[in-house]
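Q: Residue-level listing of the chains:
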Amino acid sequence: MGITIPPRSIHATAEKVALHAELVQDFNPLHLDEAFAAQTPFGGAIVHGSMMMNLLVDTLERAGGDAFANGTLKLRFAAPARVGETLTAGGQPSDNAPGAYDVWVTRGDGTQVVTGTLTPAA
Amino acid sequence: MTDQTQAAPKGDVWTYDDFAAGLALKTVSVTLDAAKLDLWERMYGPVDRDGALPRGLLVSAMVEAFIASGQPRPKGNIHASQSLEFSGPAPRLDDVLTVKASCLTKELKKERKWVTIRTEGQIAGQTVCRGDFLIIWKL
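Line by line, the protein sequences give chains W and D.
Per my numbering, the first sequence starts with residue 38, numbered consecutively.
Per my numbering, the second sequence starts with residue 4, numbered consecutively.
Don't read these hints as lab results, they were simulated from the structure.
Remember, it's a predicted structure, so these values are computed and weren't measured experimentally.
Warning: the hint list may mix true and false statements.
No farther apart than 30 Å at their CA atoms in a straight line, the calculated lysine-lysine pairs in the BS3-like style are these [claimed, not checked]:
1. 111(W) / 116(D)
2. 141(D) / 53(W)
3. 39(D) / 53(W)
4. 113(D) / 111(W)
5. 111(W) / 39(D)
6. 53(W) / 113(D)
7. 111(W) / 109(D)
8. 53(W) / 78(D)
9. 141(D) / 111(W)
10. 29(D) / 53(W)
11. 113(D) / 13(D)
12. 103(D) / 111(W)
13. 53(W) / 112(D)
14. 141(D) / 113(D)
15. 29(D) / 111(W)
16. 112(D) / 111(W)
From the structure, some residues in chain W lie toward chain D, with a derived Cβ separation under 7 Å [claimed, not checked]:
17. 40
18. 41
19. 59
20. 60
21. 63
22. 86
23. 90
24. 94
25. 95
26. 107
27. 109
28. 111
29. 112
30. 113
31. 114
Positions of the beta carbon are idealized from the N, C-alpha and C atoms, including for glycine.
Between the sequences and the hints, there should be enough to build the whole structure, so can you do that?
A: Here it is, written out as structure tokens:
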């Protein structure tokens, strides 16, 4: 049951992260300033959580149209992704909740950086 | 983008102590204009500008409003989790999303300062998106 969600990827280069910062007007140096970010526990600049969220929402809307777009998404930012990583969004029907989908964004090494659940609109 | 109400921290930046459940932050309006579409297309590819725009633009506008709802804020806040709910038709070019933001909860847990900001976005008086931002606040 359920539909297939074709995965979509974005190469989260410093240029793309800077575009995202401008799009959402979020200039937190954790994402844009390597010298600042190197002093944090992340050890370097990381991609905005909101950029991963945009990729995921766009992937879900392309796959499932309004039913997906008008659903409810619950997401956890499970791990950081360093600037320069390739991020891939995807999902599959959930084994636990009928009608719902497990959704995610992975980074280059396959680690899920965003995990969550989509409950499509009725 | 316009700010319509005033909410301010006691000191130079918003800290955990400035928040209280129910506190209203600034209401912010964001126009889904051609400049934003240009940025979007450079990241995610072409969009039909005469038709329905991607909901991702609503997400972006909601994030922008959330960021602007309480400034300045400390460097190094961490976005821990998020809920999102959309309703109604997809947005169109030059729609204005007006976002009300407020503090839903605050909680000290494992020596970390957790703040949940609730946002609700409307276009022409119709609610089109809601989102709760759970943030680990730096100060």
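Q: Now tell me if each hint is right for this structure.
A: These are the hints, each one checked on the structure:
1. 111(W) / 116(D): 21 Å, holds
2. 141(D) / 53(W): Cα-Cα ~26 Å, so holds.
3. 39(D) / 53(W): Within the cut-off at roughly 14 Å; holds.
4. 113(D) / 111(W): 23 Å, holds
5. 111(W) / 39(D): The hint holds at about 25 Å.
6. 53(W) / 113(D): 34 Å, violated
7. 111(W) / 109(D): Holds: residue 111(W) and residue 109(D) sit about 19 Å apart, inside 30 Å.
8. 53(W) / 78(D): Distance ~21 Å between residue 53(W) and residue 78(D) Cα, so the pair holds.
9. 141(D) / 111(W): Given that 30 Å is the threshold and the Cα spacing comes to 23 Å, the pair holds.
10. 29(D) / 53(W): Holds, at about 28 Å.
11. 113(D) / 13(D): Satisfied, since the Cα-Cα distance of roughly 25 Å is no more than 30 Å.
12. 103(D) / 111(W): 20 Å, holds
13. 53(W) / 112(D): 34 Å, violated
14. 141(D) / 113(D): 13 Å, holds
15. 29(D) / 111(W): The given pair, whose Cα atoms are some 25 Å apart, holds under the 30 Å limit.
16. 112(D) / 111(W): 21 Å, holds
17. 40: Hint on residue 40(W): violated, closest Cβ of chain D at ~17 Å, above 7 Å.
18. 41: With a closest approach of 20 Å, the residue 41(W) hint is violated.
19. 59: For residue 59(W), the interface hint holds, since the closest Cβ of chain D sits about 6 Å away, which is under 7 Å.
20. 60: 4 Å, holds
21. 63: 5 Å, holds
22. 86: 4 Å, holds
23. 90: With a minimum Cβ separation of about 6 Å from chain D (threshold 7 Å), the hint on residue 90(W) holds.
24. 94: Cβ of residue 94(W) sits 5 Å from chain D, so the hint holds.
25. 95: 4 Å, holds
26. 107: 5 Å, holds
27. 109: Check passed: Cβ of residue 109(W) comes within 5 Å of chain D, closer than 7 Å.
28. 111: 5 Å, holds
29. 112: 5 Å, holds
30. 113: Since the shortest Cβ distance to chain D is 4 Å, the answer is holds.
31. 114: 6 Å, holds
Violated hints for the displayed structure, listed by number in ascending order: 6, 13, 17 and 18.
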